[in-house]
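Chains as they are written, first to last, in my numbering: chain P, 1 to 193; chain U, 1 to 737.
In short, the hints are calculated from the structure, not lab data. Treat the hints with caution; some may be incorrect.
As the list claims (entries may be wrong) - Below, in silico cross-link-like pairs of lysine-lysine (DSBU-like), each with a Cα-Cα straight-line distance of 35 Å or less:
no., chain 1, residue 1, chain 2, residue 2
1, U, Lys646, P, Lys189
2, U, Lys668, P, Lys48
3, P, Lys135, U, Lys668
4, U, Lys227, P, Lys42
5, U, Lys313, P, Lys53
6, P, Lys148, U, Lys736
7, P, Lys135, U, Lys313
8, U, Lys230, P, Lys40
9, U, Lys420, P, Lys40
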Amino acid sequence: MAKRYAMVIDLRRCVGCNACTVACKQEWPDKIPPGEFRTKIKEIESGKYPNVKMVYRRTACMHCADAPCVKACPVEPIKASRKTPEGITIVDEKLCIQCGACVEACPYKVRYLNTDNKINDKADSCNFCYPRLQKGEKPACTINCVGKVFTFGEINDPEVQKKLKLAKPLKPEFKTKPSVYYIPFGTRKWDTI
Amino acid sequence: MAVSRREFMKLSGAGAIALLFGDQFRAFEVIAQEKGLDTKIVHTVCQVCSGGCAMKAYVRDGRLVELRGNPDDQISRGILCVKGISAIQWLYDPDRIKFPMKRTNPQKGIGVDPQFIRISWDEAYATIAQKFNEYKEKFGPESIAFIMRPQNFAQRLAKAIGTPNYISHHNTCYTTQEVVWGATVTGKGKPWTQDYANAKYILSFGWDMPGKAKNMQTQNFLAAIDKGAKVTVLDPRYTPTASKADLWIPIKPGTDLAFALAMINVIITQNLYDKQFVDDFTVGFDEVKEFIKPYTPQWASKITEVPAQTIEKVAKDFATMKPAIVATHKRDAAGPNYANSWRLAHAQVILMGLVGTIDRLGGHIMERMPKFPSLDSVYPAPPYPKPKAARVDGMEKFPLLLKTGKGSFSTFHRAVLEGKPYPIKAALVRKHNVFAFPDAPSMVEALKKLEFMVVLDIHPSEMIQLADIVLPDHHFLEGSAIVGRQYFGLYPQVAIQQPVIKPLYETRGFRSIIPELGRAMGLGDYFKDVSPGGYDEACLKAIGTSMEELKKSPNGLWGEAKPFVPTKEFNTPSKKIELYASEFKKYGYDPLPAWKEKKVKPSKEYPLYFVTTRPPVFIHSTLQNLEYNIQIYPENLCYINTETAKKLGVKDGDYVMVESPVNKIKVKAKVTEGIRPDTVCVDHGFGHWSKGMTKAYGKGSNEGDLIPAQSTQEMLDANDPSMSENMNDLCVRVYKA
Ligand code: SF4
Ligand code: SF4
Ligand code: SF4
Numbered sequence: 001m002a003k004r005y006a007m008v009i010d011l012r013r014c015v016g017c018n019a020c021t022v023a024c025k026q027e028w029p030d031k032i033p034p035g036e037f038r039t040k041i042k043e044i045e046s047g048k049y050p051n052v053k054m055v056y057r058r059t060a061c062m063h064c065a066d067a068p069c070v071k072a073c074p075v076e077p078i079k080a081s082r083k084t085p086e087g088i089t090i091v092d093e094k095l096c097i098q099c100g101a102c103v104e105a106c107p108y109k110v111r112y113l114n115t116d117n118k119i120n121d122k123a124d125s126c127n128f129c130y131p132r133l134q135k136g137e138k139p140a141c142t143i144n145c146v147g148k149v150f151t152f153g154e155i156n157d158p159e160v161q162k163k164l165k166l167a168k169p170l171k172p173e174f175k176t177k178p179s180v181y182y183i184p185f186g187t188r189k190w191d192t193i
Numbered sequence: 001m002a003v004s005r006r007e008f009m010k011l012s013g014a015g016a017i018a019l020l021f022g023d024q025f026r027a028f029e030v031i032a033q034e035k036g037l038d039t040k041i042v043h044t045v046c047q048v049c050s051g052g053c054a055m056k057a058y059v060r061d062g063r064l065v066e067l068r069g070n071p072d073d074q075i076s077r078g079i080l081c082v083k084g085i086s087a088i089q090w091l092y093d094p095d096r097i098k099f100p101m102k103r104t105n106p107q108k109g110i111g112v113d114p115q116f117i118r119i120s121w122d123e124a125y126a127t128i129a130q131k132f133n134e135y136k137e138k139f140g141p142e143s144i145a146f147i148m149r150p151q152n153f154a155q156r157l158a159k160a161i162g163t164p165n166y167i168s169h170h171n172t173c174y175t176t177q178e179v180v181w182g183a184t185v186t187g188k189g190k191p192w193t194q195d196y197a198n199a200k201y202i203l204s205f206g207w208d209m210p211g212k213a214k215n216m217q218t219q220n221f222l223a224a225i226d227k228g229a230k231v232t233v234l235d236p237r238y239t240p241t242a243s244k245a246d247l248w249i250p251i252k253p254g255t256d257l258a259f260a261l262a263m264i265n266v267i268i269t270q271n272l273y274d275k276q277f278v279d280d281f282t283v284g285f286d287e288v289k290e291f292i293k294p295y296t297p298q299w300a301s302k303i304t305e306v307p308a309q310t311i312e313k314v315a316k317d318f319a320t321m322k323p324a325i326v327a328t329h330k331r332d333a334a335g336p337n338y339a340n341s342w343r344l345a346h347a348q349v350i351l352m353g354l355v356g357t358i359d360r361l362g363g364h365i366m367e368r369m370p371k372f373p374s375l376d377s378v379y380p381a382p383p384y385p386k387p388k389a390a391r392v393d394g395m396e397k398f399p400l401l402l403k404t405g406k407g408s409f410s411t412f413h414r415a416v417l418e419g420k421p422y423p424i425k426a427a428l429v430r431k432h433n434v435f436a437f438p439d440a441p442s443m444v445e446a447l448k449k450l451e452f453m454v455v456l457d458i459h460p461s462e463m464i465q466l467a468d469i470v471l472p473d474h475h476f477l478e479g480s481a482i483v484g485r486q487y488f489g490l491y492p493q494v495a496i497q498q499p500v501i502k503p504l505y506e507t508r509g510f511r512s513i514i515p516e517l518g519r520a521m522g523l524g525d526y527f528k529d530v531s532p533g534g535y536d537e538a539c540l541k542a543i544g545t546s547m548e549e550l551k552k553s554p555n556g557l558w559g560e561a562k563p564f565v566p567t568k569e570f571n572t573p574s575k576k577i578e579l580y581a582s583e584f585k586k587y588g589y590d591p592l593p594a595w596k597e598k599k600v601k602p603s604k605e606y607p608l609y610f611v612t613t614r615p616p617v618f619i620h621s622t623l624q625n626l627e628y629n630i631q632i633y634p635e636n637l638c639y640i641n642t643e644t645a646k647k648l649g650v651k652d653g654d655y656v657m658v659e660s661p662v663n664k665i666k667v668k669a670k671v672t673e674g675i676r677p678d679t680v681c682v683d684h685g686f687g688h689w690s691k692g693m694t695k696a697y698g699k700g701s702n703e704g705d706l707i708p709a710q711s712t713q714e715m716l717d718a719n720d721p722s723m724s725e726n727m728n729d730l731c732v733r734v735y736k737a
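Take the sequences, apply the hints, and build the full model.
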């Protein structure tokens, strides 16, 4: 059986530096158009001065097992927006007809379609750095994180399992079965889309 | 873990992924070897900030593809920060300066095209030599200024020419702390190793290095929290550091000194100090005890707007949760931000002396660097001419600052404009820009007035736009050096910096350029045999190793881990930590940090305090020309409290004018609950006007324009030994643009 991957993000440790964002852009210079991001930090402020609280949340494709973007993709018989055997969501650029249905369907709003640029005019979102995984590497965004925020690996990996015990998916009510989980920061608000 | 070729084949595919995940560094190498790819790993050192993280560069088919931290380095511990990894974009930025150039348009200024044309290195050297020698002849050697950080090769050239004017930016940064730590503890400057990881209580006076992703400080700070350390942050703004704290105290800007004094009062009157440490390693306790009497928490409460009980609680926690550390770096509240910042730095030394965390684990650690020989001992020089004139920046009048070798770029520009005490005609400039110095517009005027300016840089900065001759420096990923572990060294360790790729353009290393220039000027006697490689080799020989050995070393590092041995003698006249600073007394400064207010308070006209911060994806104005980084943070923001914004009719995302008595700038408002209602905060480092910086050009505004410049006389009148520029000691008004 193919491996399945999970990513756990520890919100208690993130300082919002966007090193993950830079690493992703540097990994995919030929895929991510100017001004677009596969991943980015969302700053979520709550409370009133002086009892304010902040959460920095790395936000990218959740690699949903029941992915609305896949269901919405009209291309047949092989969908342009589809799942790999490892449960990773990818966009097949050769098949994408730029209809934007997947962008509309994604409840997490992490996919974009930018037809107005020279780099990539097809739908696009995080692919867990699929080619790196095939080479035995971890996703680019996880390598240099001063907060040591990421735990990434095969879902049964003991390290991943340990972290998963503390973690929750973002907006479980979307019922898309994400592969990305978050360890909340106490009771702070963190789930703004 | 090594994986043989056969095993690797067997495991290829998903199996290999699982196996190799445990050892991510190995994986890359193994795969490269097994697949016969031209992938190599080069050990080098990050030079984006002064941190010096040792890094591993992954080079595939001659192209740098990835950077990672070196896991055996005390500083980086296998991780780089956002600025470090961005160095790839910097290296390959097509906007880089590619060859020496000379100006053909005699007009200079903002928006004026210099009309640079390419020249050879030989022509560049010949022109500079001829011009510099001409000015030296006609106006004296002091008419030539060096504007750069202290660096031994360049210092030798300045001395050989005979100019006293070696100027740097530091009094807009951390001379407050440099001078105070030098006088009371180290005899030289501030110790940069701060052992947060072993601290049990962390007290930040506006320190927000995690918010800047300062690598070693952030990792160690979070490690301390993992181990249960308590964190208190005093900051008018709710910073990323404050977001991790147990307690955020939005203290009134510029009143941290009162808070610190009241803490000292509590710790002494309630007998909470470390008696053994105070007895054994400090002097001046009795004087402090007497001096501190009036500074009660009730007194401080009125000034800081923090309840007396809170101050008392912080003081007690600080003294009893051992070890406790004062978190402080450069331009935080103890930086040159306010007229009383140097006093705050002194109060911080007293606090740490009282709880015994100076050169103790969990505290501020003195430098543990291997002893390298000086340039003069490796390459003895003939006698230097004696400078005939005083420095134009007035630094001789600040003897304790003078000892550090740092300078005052901010008073330099006024001297140039006024032509006093004598005219400055020419300058050699490196890694200094016109940004974020007080009164940036008149700095540009001053530099325009120079008849001949040579600028060394990597990027076509604003300084380059004002240059007559441009010399392209190697990018650090193309250069060589040996680098100590000043920013976090519990034991002596040295990292090798070596080229990860061949230089992309016709650039040269700074330490090669200087001797070449010296020889061209006819000062060859001072540069006989002087070479960067030769000097580095001599340094390594002195510690019993060599370049050859370091290059072969499996991790690019020298120095075995050693147990920490606490210092028993400090580098002061009494050999103890001088809580009462005899050096200050000797030079006519306050020997104890008596309360003084910051200079400027809110008025009807300028009702808001002004503080600054900077986004972690840049280092000041550097890195703003990186395509991805500027996309992430495309312009600077003005943080305004929700209530204040409402009163001003400003909504999040609106443009506002921020106006000070000297200037105004337009910036985007960021409305937040995370700042005091009487304070605004503006990001620093924006407003590039050099068209050569195609990505950064025109993005945001320069907050340095708002800061009034001080004269040397004003600095003398303040009787501040550090010649501090008081970068945040101003108030502003804000209105919708
Ligand atoms: S690199 Fe780590 S600390 Fe920085 S923003 Fe990303 S997750 Fe947060
Ligand atoms: S997060 Fe959005 S793009 Fe990613 S799998 Fe789910 S629906 Fe698709
Ligand atoms: S896994 Fe790869 S593609 Fe996805 S956000 Fe991280 S770096 Fe980008």
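Inset, instruction - Would you pick out the hints that fail for this structure and give their numbers low to high? - result: Of the numbered hints given earlier, those the structure breaks are 3, 6, 7 and 9, listed in rising order.
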